[in-house]
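Line by line, the protein sequences are chains A, B, C, D, E and F. Per this note's numbering, the first sequence starts with residue 1, numbered consecutively. Per this note's numbering, the second sequence starts with residue 1, numbered consecutively. Per this note's numbering, the third sequence starts with residue 1, numbered consecutively. Per this note's numbering, the fourth sequence starts with residue 1, numbered consecutively. Per this note's numbering, the fifth sequence starts with residue 1, numbered consecutively. Per this note's numbering, the sixth sequence starts with residue 1, numbered consecutively.
I should point out that these hints are in silico values taken from the structure, not numbers from a laboratory. Misleading hints may appear alongside valid ones.
As the list makes no split between identical chains, a pair holds if one copy fits it or if it spans any two.
With a straight-line Cα cutoff of 20 angstroms, these simulated DMTMM-like cross-link-like pairs (lysine to aspartate or glutamate) come out [stated by the list, open to error]:
1. Lys82 with Glu44
2. Lys227 with Glu89
3. Lys206 with Asp103
4. Lys233 with Glu205
5. Lys223 with Glu211
6. Lys82 with Glu184
7. Lys22 with Glu109
8. Lys233 with Glu153
9. Lys52 with Asp212
10. Lys52 with Asp157
These numbers come from a predicted model, not from an experiment.
6 protein chains.
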Amino acid sequence: MRPSRRQPEEMRAVSLERAVVKYAEGSCFVKFGDTHVLVTATLEDRIPVWLKGQARGWVTAEYGMLPRATLERTRREASVGKQGGRTLEIQRLIGRALRTVVDLPALGERQITVDCDVIQADGGTRTAAITGAWVALHDCLAWMKTRNMILGEPLRDHVAAVSSGICNGRPVLDLDYAEDSEAETDANFVMTGAGRLIEVQATAEKTPFTEDELMTMLALARKGTAKLVDLQKMTVM
Amino acid sequence: MRPSRRQPEEMRAVSLERAVVKYAEGSCFVKFGDTHVLVTATLEDRIPVWLKGQARGWVTAEYGMLPRATLERTRREASVGKQGGRTLEIQRLIGRALRTVVDLPALGERQITVDCDVIQADGGTRTAAITGAWVALHDCLAWMKTRNMILGEPLRDHVAAVSSGICNGRPVLDLDYAEDSEAETDANFVMTGAGRLIEVQATAEKTPFTEDELMTMLALARKGTAKLVDLQKMTVM
Amino acid sequence: MRPSRRQPEEMRAVSLERAVVKYAEGSCFVKFGDTHVLVTATLEDRIPVWLKGQARGWVTAEYGMLPRATLERTRREASVGKQGGRTLEIQRLIGRALRTVVDLPALGERQITVDCDVIQADGGTRTAAITGAWVALHDCLAWMKTRNMILGEPLRDHVAAVSSGICNGRPVLDLDYAEDSEAETDANFVMTGAGRLIEVQATAEKTPFTEDELMTMLALARKGTAKLVDLQKMTVM
Amino acid sequence: MRPSRRQPEEMRAVSLERAVVKYAEGSCFVKFGDTHVLVTATLEDRIPVWLKGQARGWVTAEYGMLPRATLERTRREASVGKQGGRTLEIQRLIGRALRTVVDLPALGERQITVDCDVIQADGGTRTAAITGAWVALHDCLAWMKTRNMILGEPLRDHVAAVSSGICNGRPVLDLDYAEDSEAETDANFVMTGAGRLIEVQATAEKTPFTEDELMTMLALARKGTAKLVDLQKMTVM
Amino acid sequence: MRPSRRQPEEMRAVSLERAVVKYAEGSCFVKFGDTHVLVTATLEDRIPVWLKGQARGWVTAEYGMLPRATLERTRREASVGKQGGRTLEIQRLIGRALRTVVDLPALGERQITVDCDVIQADGGTRTAAITGAWVALHDCLAWMKTRNMILGEPLRDHVAAVSSGICNGRPVLDLDYAEDSEAETDANFVMTGAGRLIEVQATAEKTPFTEDELMTMLALARKGTAKLVDLQKMTVM
Amino acid sequence: MRPSRRQPEEMRAVSLERAVVKYAEGSCFVKFGDTHVLVTATLEDRIPVWLKGQARGWVTAEYGMLPRATLERTRREASVGKQGGRTLEIQRLIGRALRTVVDLPALGERQITVDCDVIQADGGTRTAAITGAWVALHDCLAWMKTRNMILGEPLRDHVAAVSSGICNGRPVLDLDYAEDSEAETDANFVMTGAGRLIEVQATAEKTPFTEDELMTMLALARKGTAKLVDLQKMTVM
């Protein structure tokens, strides 16, 4: 039995709430069970220096965690004076994943910054963040279309992410913190609406894993992301 | 007429929601109109070095703002690499105000850290933060009392805060961002439930002000904080 | 009896010495008793980025303390790697106070930086700094007028500052360090030559204070700043 | 044809040179073609604070790149004042991979730090670093065994890593920089001597990829790491 | 003719004023013409970690420059966030020079920190700082002797420093800023009262120099430091 | 007898290997016995801001040490977050020394950055770095001449450096780490091919030294640098 009493293929209750803050061009409050992430998408009329003059835009992400999003209080990175390796790794992943489905030249020389701030963390913050980020990005692009800033559809597909792993020898989908800290292997999969892979990150936390286990985790994740994409579709309909 | 169509003595809609996050010993989501602040209180079994061996505890505060809490996106302090002067000033104010009403020796050698994170900012974030922080602190102390960590009542009084100012020559209570950026004078008052003053910060934004204007602003703030204290009482009842 | 044997309304010996360093456009060495601050005003032909193209100038301040200005040596902020919250708070206050009396468009697109460095600290460094800063600023503006960089008088009024407080239940003016660390309440007032208020910062250090106490402290400060303005007038005559 | 004229399954010339620096307990200079990484393993009689009293050791890694290891000079991170996200991500990966095969309690309360410094970079620095790090770690552990610091064999298996990818629609093994910057998909695989997986990181650089492509890349990497493990065996024989 | 109309062997007017600040155990305000440095010596009952348990003390130095000590305002290092290379180089030199003449074991496990803050800079700040630092250090040690913290005489000799150089082909002593920026070669000499060398730093600013020129500069510096040592003797008599 | 069994005037085995990395315009791997430094020279089409529009180029240097270049592992400066005083001091020295022999206007508005990274340290890293840096710089300038970026010969002379010192009362040349840590006096000399002095840095590590000792150390260094210049000549022939 999983600590959460869920079935192996059962995800946590997921919700996606749009337009949750007043100023952002797009925003989404995403919950994967007790993991809660606030995502905003900000449009700005500037571009990184190294992109200037190339007639295309950019999508980037930043990630943060409120100090008491966690069981024990985590030190505030602003007060420590730098972002940790985990933070940088996650925000690089989110930005990379989103860019894969955006037609950057269609944006013009503009940048969209997607901020993912974890209000409460119970495992899977990066997968929740990516899933919610797609909604915030979608709404920001819709905002731009309404204002004739872009023509056509710059968003080529959905992006959703979920974790799976091997826990006590059994494959499970969408690990919460209790499972995550016990798992032998833990993987994050980022997929498109068409079911193709954008990113696979599988890590042996305790013991190396086999190709079969990788395939099993991927199969679970495929089911999970398909459901998340369905939810995204209903949300932005 | 005020930009918000409020009467001069009318505050914004205020709400105080308790126990909003899963892990914190105390928490409060406070709204002053469109200004929304999430406050958590964390108990830790450690104390600043300079306090060691003095048989008393400490209450401190940290303050942050999500990047898109504001009309224009603000750079994330964790990414800039340091907290700005405004942030440091506000968190020092919050900590100082709370300590005024706490019996620190009663805490034992323990520290309570109050984190105030602004989710959405429309003026008055520091006054909202202080008002909500009192609730989070109250609940953290209640949590400790339940576990027999403290005897008696370590909280001597309520603490609430509100701004007032002179706008277009007219005194007004609880300025939102539109008023704040236009005001000739802007003041923040932190008061106890007994109506005494903890902190007065009055600033001539455009033109120096008179003693009479200070008195008028104080009178307005007195009415405001009395209402906020009433709301705190109902909230923690 | 006050620790310094002064009368309640008696300020420390104050002196303002002009033109104390060779290179600065304006400078003042200000003493409030044993509190000694060196203030310089620097004119530069540049302006903060966010002010560009608005046809007006800027006045800003920086504050620092030599490591052994204090009883115990304080760590050098340059070696720590950042300015502390107290430093940032004070330099923001000084800059804000000075700008209130300067006609910024009259400066053209130029910036005046007022550096306040505490050589010796015995309480009241911020009030001494502001009082001396007005003199340095005055001389810097005079330097500019001599060179026809500005027409007319860009300085609208004097600015002086003094602290007052409640010590052992008695109101006192211009607290030194011994009193400051014992005071129940401590307030800093920044006022103009015309007797109007620029900034009020009153803080309950131990016990919350009443409106009457605030008024008493203000009345004391009014007398103090009037004397300081008189001294400024004699100094720059 | 690949830019390097290699066959799709052909790796670059790989060499592993041991004992290349005078002081380190273990060291290896690893070359994957024009990618050259110097790896040292340092034994220290201290342990991270959070590990104290748990009767086990730790293995960690740091990664750096000389400024002119790259085609264009890269700014020195020591001079920038912080390590970039890519650096932190890679060093976290290396440390995690090595720990998977080490019996940490066997080390006692000691730490081994593996430093991987890229002398010349032509793609695949992280896979070369991991492959060489295993050799340096092996020699450091041998050094400890010689001195009776550890009993038995704390190293459970080999660890080697290689990249594979899809370039112009064709799967290729061990990408150099020219291929890496053109690839549609790029993956890094860390495997054990027994052929199990320690880490899979597959990223769609341009277009999302399919499960089949993932499997093909994995099959290539399996062949590559098997060869690397053979080379490690010959090297430490 | 030198820009200052001084003779080649003529130093600027030098003065050493003791006990210039209230709190420091030793202090000296040193002037070499228009170069003014405030030096304080602080005694602390702690020692660097790496010196613990070795039954000896430590002498170290820090150096800073007020922003408007210079013709053009220099950015405050505390605000930049780090000390520059020139600052670090000078403070290392001062500490090293002083330690050469102090009997460190005689201090016990205590540290003396010598802070040298440049109030006004007109060339030769490091030589003025060292010359004044000896006085402040002397007085700090005298303070300790009075309190029976040390027995005997821990100060083995005087330390004084002066610059010399080759300007327009002519050797000159004690360069001011105008000469320093024009000199072909510039050297700093730190010497003892007995006329021995503690540190020689000679630098070809424009053209390499000969051994003869080095000897000439040294001969000049020998005369200069002898005079400075005489002045130190009169000062502390 | 010296720890290394060398004669007093005997240098360690020195080697200079050119063109050791693939991308740099010039490079040199220099060994002074067990001290090994990799030097690269990078040409860039940009110039420091303060040099713009002056129709001349710039030569600068950076210095670093791999963590396990030393007997005990040194913390990585990139991870500490800043370069130490010793690093800054050495890189300032190297840049200054090289600029003395380069005709900067001949470079055009271009910058050459010389990176000196210590792979293994056994004393004398700065002298080895300077000696190797001249070779890397020479080759970078040759690269430019081949491409008609410069006309004529911008390199006016050789630059080489060596240390000498007084050890157990005896003058010795080219100290290794064992000697360096025991020496009474330690000096670094930077000289030209013509035998003129660029920089002299002599430091009393334990006891002040005499003018005669300085002369003796200089005489030794003169012999050493002459040999190093000969080796440079053979190397670039």
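Results of checking the hints against the structure:
no. : hint               : in the structure
1   : Lys82 with Glu44   : neither (24 angstroms within a copy, 23 angstroms between copies)
2   : Lys227 with Glu89  : neither (26 angstroms within a copy, 30 angstroms between copies)
3   : Lys206 with Asp103 : between (40 angstroms within a copy, 11 angstroms between copies)
4   : Lys233 with Glu205 : neither (34 angstroms within a copy, 25 angstroms between copies)
5   : Lys223 with Glu211 : both (19 angstroms within a copy, 14 angstroms between copies)
6   : Lys82 with Glu184  : neither (31 angstroms within a copy, 33 angstroms between copies)
7   : Lys22 with Glu109  : neither (25 angstroms within a copy, 36 angstroms between copies)
8   : Lys233 with Glu153 : within (15 angstroms within a copy, 53 angstroms between copies)
9   : Lys52 with Asp212  : neither (46 angstroms within a copy, 37 angstroms between copies)
10  : Lys52 with Asp157  : neither (26 angstroms within a copy, 42 angstroms between copies)
Hint compliance for this structure: hints 1, 2, 4, 6, 7, 9, 10 are broken, all remaining hints hold.
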